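K.L.:
One letter stands for each residue in the lines below.
There are 2 protein chains.
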Amino acid sequence: MRDERAITERLKKLVSVPSGSRLVLGIGDDCAIYRPRGSADDLLFTTDMFVEGTHFLRSSYPPAAAGRKAVARSLSDIAAMGGAPRFCLVSLCVAPWSGPKWVDRFFDGLAKIAGEFGTILAGGDLSHGETVVCDVMICGSVPRGRALRRDGARPGHRIYVSGALGGAALGLTMKSGKARQRQVNPEPRLALGQFLREALHASSAMDVSDGLSLDLERLCLASGVDAEITFPPQFPGSSPEQALHGGEDYELLFTVPEGQKVPSRFRDLELTQIGRITRPKSNGGSVFLNSERLRAQGYDHFREHGREYSVSST
Amino acid sequence: MRDERAITERLKKLVSVPSGSRLVLGIGDDCAIYRPRGSADDLLFTTDMFVEGTHFLRSSYPPAAAGRKAVARSLSDIAAMGGAPRFCLVSLCVAPWSGPKWVDRFFDGLAKIAGEFGTILAGGDLSHGETVVCDVMICGSVPRGRALRRDGARPGHRIYVSGALGGAALGLTMKSGKARQRQVNPEPRLALGQFLREALHASSAMDVSDGLSLDLERLCLASGVDAEITFPPQFPGSSPEQALHGGEDYELLFTVPEGQKVPSRFRDLELTQIGRITRPKSNGGSVFLNSERLRAQGYDHFREHGREYSVSST
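The listed protein sequences correspond, in order, to chains A and B. For what it's worth, the working numbering labels the leading residue of the first sequence as 1, then goes sequentially. For what it's worth, the working numbering labels the leading residue of the second sequence as 1, then goes sequentially.
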């Protein structure tokens, strides 16, 4: 069976990097990093698909909320790198059911959150198909060489997470309430990301989009380290499974070097130490919860639907 | 009834541009233009969706050709602005029918054309849904302030087109042959685009992706002018309708100031004058073929499917 990681690893091998390329970081982090000739800034690039039936149901997502969330997911990647969003490109494939009113409200929600975070809608593409699919590319900027990456965690560094986990997963089963709000209207942690970069000098960071167990595994793999954690702060009412493996919380997971002071809060957001980076037992990527191996069970589009995609796997 | 233009015009009004923004050009051209702080280059950004059932049929597109074409369409937008492609982000939504072999061959075709044109696959997103949808964002670069745009055509400027038109539309009905190749394996005119910018100092340019009648109307609208043309060079075997209105030829349409010499060929590609820019009779955007008004009939995702999307149009 293949998962996203297998496909991604195969893609990395296909990529040829021309000599003199200004691409600083390619496949494998929250954003790619490009260093324009002569510029004082590095540019961050991320793209996220928002697919009907996979990321949202037309019956339960108001169109403005769908538009908002399509952008929030990509903004969260810019936050994870400590960047400031600059502009976005939006590709929207409409379906027979999504009439002009739906499209207008979708773009209203999209434009509203983009404006709130200083992200200019600079272009995109319109198409039609059988289901609604939206892809949002966001460009952000960060002072040259200062982006927060996944590969900077070292043994001894402390691991933190912002807020509480499991709320968005819990919200999948709710019709209203705070957990439902976490699911439908996630808040990209842009101010926190910039604080982590400027004030805390975090050694690594990423957003928790696919569940703590899977995302922390990815951070450890990128850094070539293991991690030892305790139970993370749990969203009120969520199950332990939702807190450990549930996706879409869009909180930030980060590490800081030993000796770096971390406040208990940033604005109204709690920052909680959940563990420490440890020396890798083999190639890295192993996460231990209270000394027991924690297997990644977060959301993987290909693993979850393994039977469909493994038919002719090579 | 609403078309893409109506939606685009509405979007432009929704966009707020923060003060000090480095976005030079937003919605409405082949690419957006961003000017990084301190950089000698402007960066170009374009994104194009490639949707199963709309842009390709699984039954008639080999996966490698689908991957190739998904990238070629966006490369054509970089060509239209006179840019050099630098990197791309690829979002792919797979379907139950597209197994690992299909995905591998799709990415093989995609990586091959990207490599041919010096475009690094820098990241993207993987998802799943009911049908295959691929969105390709390409970043290109151009010396600062030198991008070819749609809005520089002025009365008296001569209008040219590269190659011959109608082949890709003809190829839709073919199983093999040169027209089929035009449909399945379009060639982005990157070298020509850079030649138009550097050597010909073209006053405007765009690619012919949705049919000459619609694309020339768009160029005229952007420039606030009208156009008077004769019949364009026709792909052998194509109908007059296919040459005038058929999409996906990905040739370049451009204008040059009076007095600018234009060679009859660039490499193996003919460059043919098809008319002149004229003073607008009203707001611009009117195209006349042999003095008769030529109505835009090129491909518009919303106009073609107007009944589906105009139900609740306001």
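Certain hints may be false.
Straight-line C-alpha distance at most 30 Å; calculated DSS-like pairs for lysine-lysine [unchecked claim]:
id	chain 1	residue 1	chain 2	residue 2
1	A	Lys13	B	Lys112
2	A	Lys12	B	Lys261
3	B	Lys112	B	Lys178
4	B	Lys12	A	Lys112
5	B	Lys112	A	Lys112
6	B	Lys178	B	Lys12
7	B	Lys12	A	Lys101
8	A	Lys101	B	Lys13
For the chain A half of the interface with chain B, some residues (derived, Cβ under 7 Å), not all of them [stated by the list, open to error]:
id	residue
9	Gly20
10	Gly38
11	Ala84
12	Phe87
13	Leu89
14	Asp125
15	Leu221
16	Ala222
17	Glu270
18	Ile274
Hint data in this document are derived by calculation from the structure and do not stem from the laboratory. Please read these numbers as outputs of a predicted model, since none were measured by experiment. Positions of the beta carbon are idealized from the N, C-alpha and C atoms, including for glycine.
K.L.:
Does each hint fit the structure? Answer for all of them.
P.N.:
A quick look at each hint next to the structure:
Under the criterion of a C-alpha separation no larger than 30 Å, the hint pairing Lys13 of chain A with Lys112 of chain B is consistent with the structure, at around 12 Å. At most 30 Å may separate the alpha-carbon atoms for a hinted pair to count; Lys12 of chain A and Lys261 of chain B exceed this at roughly 45 Å. At roughly 21 Å between alpha-carbon atoms, Lys112 of chain B and Lys178 of chain B fall within 30 Å of each other, so this suggested pair holds. A threshold of 30 Å between alpha carbons decides the hint, and for Lys12 of chain B with Lys112 of chain A the separation of about 13 Å falls inside it, so the pair holds.
Taking the CA atoms of Lys112 of chain B and Lys112 of chain A, the gap is about 39 Å. The hint is violated against a cut of 30 Å. At most 30 Å may separate the alpha-carbon atoms for a hinted pair to count; Lys178 of chain B and Lys12 of chain B exceed this at roughly 40 Å. Among the hinted pairs, Lys12 of chain B with Lys101 of chain A is consistent with the structure: their alpha-carbon atoms are about 17 Å apart, no more than 30 Å. Distance restraint check for Lys101 of chain A and Lys13 of chain B: the Cα-Cα separation of roughly 16 Å lies within the 30 Å cut-off, and the hinted pair is therefore satisfied.
Of the supplied interface hints, the one on Gly20 of chain A is violated, with its beta-carbon coming no nearer than about 10 Å to a beta-carbon of chain B, more than 7 Å. Hint status for Gly38 of chain A relative to chain B: holds, with the closest Cβ pair at about 5 Å, below 7 Å. Hint on Ala84 of chain A is violated. Least Cβ distance to chain B is approximately 10 Å, over the 7 Å limit. Hint on Phe87 of chain A holds. Least Cβ distance to chain B is approximately 5 Å, under the 7 Å limit.
At a threshold of 7 Å, the smallest CB-CB gap from Leu89 of chain A to chain B is about 5 Å, leaving the interface hint in force. Hint status for Asp125 of chain A: holds, given a least beta-carbon distance of 5 Å to chain B, under 7 Å. Taking 7 Å as the C-beta contact cut-off toward chain B, the hint placing Leu221 of chain A at the interface is violated, the least distance being around 16 Å. Contact between Ala222 of chain A and chain B, as hinted, is not supported at the beta carbon level, the nearest pair being about 13 Å apart and thus beyond 7 Å.
Because the smallest distance between the Cβ of Glu270 of chain A and any Cβ of chain B comes to about 29 Å, over 7 Å, the interface hint for this residue is violated. The restraint placing Ile274 of chain A at the interface with chain B is violated, with a minimum CB-CB distance near 27 Å, outside the 7 Å limit.
In the structure shown, a violation is registered for the earlier hints numbered 2, 5, 6, 9, 11, 15, 16, 17 and 18, in ascending order.
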